[in-house]
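S.K.: The primary structure of each chain is shown beneath.
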Amino acid sequence: DAKTTQPPSMDCAEGRAANLPCNHSTISGNEYVYWYRQIHSQGPQYIIHGLKNNETNEMASLIITEDRKSSTLILPHATLRDTAVYYCIVRVGGDKLIFGTGTRLQVFP
Amino acid sequence: GAVVSQHPSWVICKSGTSVKIECRSLDFQATTMFWYRQFPKQSLMLMATSNEGSKATYEQGVEKDKFLINHASLTLSTLTVTSAHPEDSSFYICSASLSAQGDTIYFGEGSWLTVV
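Heads up: the sequence lines are chains A and B, in that order.
7 is the number of the first residue of the first sequence in our numbering; add one for each residue after it.
2 is the number of the first residue of the second sequence in our numbering; add one for each residue after it.
Please note: incorrect hints may appear among the correct ones.
With a Cα cut of at most 16 Å, we get these calculated EDC-like pairs of lysine to aspartate or glutamate [as the list claims (entries may be wrong)]:
{"#": "1", "chain 1": "A", "residue 1": "Lys102", "chain 2": "B", "residue 2": "Glu60"}
{"#": "2", "chain 1": "A", "residue 1": "Lys58", "chain 2": "A", "residue 2": "Glu37"}
{"#": "3", "chain 1": "B", "residue 1": "Lys15", "chain 2": "B", "residue 2": "Asp89"}
{"#": "4", "chain 1": "A", "residue 1": "Lys9", "chain 2": "A", "residue 2": "Asp101"}
{"#": "5", "chain 1": "A", "residue 1": "Lys102", "chain 2": "B", "residue 2": "Asp104"}
{"#": "6", "chain 1": "B", "residue 1": "Lys67", "chain 2": "B", "residue 2": "Asp89"}
{"#": "7", "chain 1": "A", "residue 1": "Lys102", "chain 2": "A", "residue 2": "Glu37"}
{"#": "8", "chain 1": "A", "residue 1": "Lys58", "chain 2": "A", "residue 2": "Asp73"}
{"#": "9", "chain 1": "A", "residue 1": "Lys58", "chain 2": "B", "residue 2": "Asp104"}
Hints in this document: simulated from the structure, not taken from any laboratory.
The following block holds chain B by itself, in its conformation from the complex (with noise of 0.2 Å):
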């Protein structure tokens, strides 16, 4: 069964608004998760590190005050689409592991977004 599981599956939302996209550790606690998002017939493209207790760090060309990320607890990271455009439809995928190197990294399923 999924170890990393997202919610929701799959949301449409309305330009303009904000949506949430959630992600959360099954079983184990993760001090680090990963967002990426992905665009048809395109590579995983990450997004930002999310750590437990502090500020995410987002990589070059992501707007930190669009994609808003809290990792509240060691289970649950949040990905925020502030102000949504058509140009953000894209698939959200979060990443999760225990955090040493050799340890197996586990994907969630996966989130749709379409802004209409």
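Next up, chain A with everything else stripped away, as it sits in the complex (with noise of 0.2 Å):
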């Protein structure tokens, strides 16, 4: 099962900040946290990863809580090719990724 919730959907305007939240209570110490997206009829699109420190490059930021049980990724100004469905994912040993529902982001003009 995903060890990960997120909420179903969201909406931004566009040049806007996106700010997409997921839960992960119980994540383990050396689990990494993932985030991917999936624009409809293609695979999914690695963003970012991180395991406890915040962590930004050109697509998003990815912040992380103290406590590590939640974050959040940043679109910092969403477009509309940033719609999609984004997933996050925490990494439990090896490479195995377990896809929860994810949240499907709508940015609108």
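Both chains come to you apart, so use the hints to assemble them.
M.R.: Spelled out as structure tokens, the structure:
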């Protein structure tokens, strides 16, 4: 079973920051949090991952709470092309990723 | 560019026939690859772990005799759907990584299978 829970859907205005929350209260100390997104009819696209420190790359920022029980993916300036399903995943040993239901982000003009 | 590639992107086959889908890691070796299946408007469901040089490990409820997995080299895993039926129509996706915790895991572009 997936170790994460996410809201099923969110809306965001184009140009604004999109903040996508994720709860992973049962995460263990050595388990990473990964974020992927999936645009219709394509394979999941890697966004970012982290262990306990906040991370930033050219796509997004990942904020992980100090107790590691939740995290937030931030898309600083959402565009229409960011409309997708976003998956927060806890990597449980090895390379196996168990997907939850994700958050469907709709960016509107 | 893609670091994990799947072929074909889409395939239509007749009921009762078998179809093979390939997953290749580009520019890196993957001792382990994973196969997922996704039905419309649903999340990805892990089917099996493909291990180079050994038998695949299947998730509960996945028929190993129906979904044959071969991982003959460090850059290629194949999924063969045997005796396909319309209910096997789905989006099949593979993933691979450099295999250390903390490494990025890459997914292929996916393969659409339609069984008629």
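S.K.: Holds or violated: Lys58/A with Asp73/A, Cα cutoff 16 Å?
M.R.: holds, 9 Å
S.K.: Measure nothing beyond the straight line between the CA atoms of Lys15/B and Asp89/B; if it is 16 Å or shorter, mark the hint as holding.
M.R.: holds, 11 Å
S.K.: Is it true that the CA of Lys58/A sits at most 16 Å from the CA of Glu37/A?
M.R.: holds, 9 Å
S.K.: Sort out whether Glu37/A lies within 16 Å of Lys102/A, counting only the CA atoms.
M.R.: This hinted pair holds, its Cα atoms lying about 12 Å apart.
S.K.: Taking 16 Å as the top limit, are the C-alpha atoms of Lys67/B and Asp89/B close enough?
M.R.: holds, 10 Å
S.K.: Does Lys102/A pair with Glu60/B here, judged by a C-alpha cut-off of 16 Å?
M.R.: holds, 11 Å
S.K.: Take a quick look at whether Lys58/A and Asp104/B sit within 16 Å of each other, Cα to Cα.
M.R.: holds, 15 Å
S.K.: Within 16 Å, alpha carbon to alpha carbon, are Lys9/A and Asp101/A?
M.R.: holds, 15 Å
S.K.: Would the hint linking Lys102/A and Asp104/B be met if the CA-CA limit is 16 Å?
M.R.: holds, 12 Å
Consistency with the previously given hints is maintained throughout, with no hint failing.
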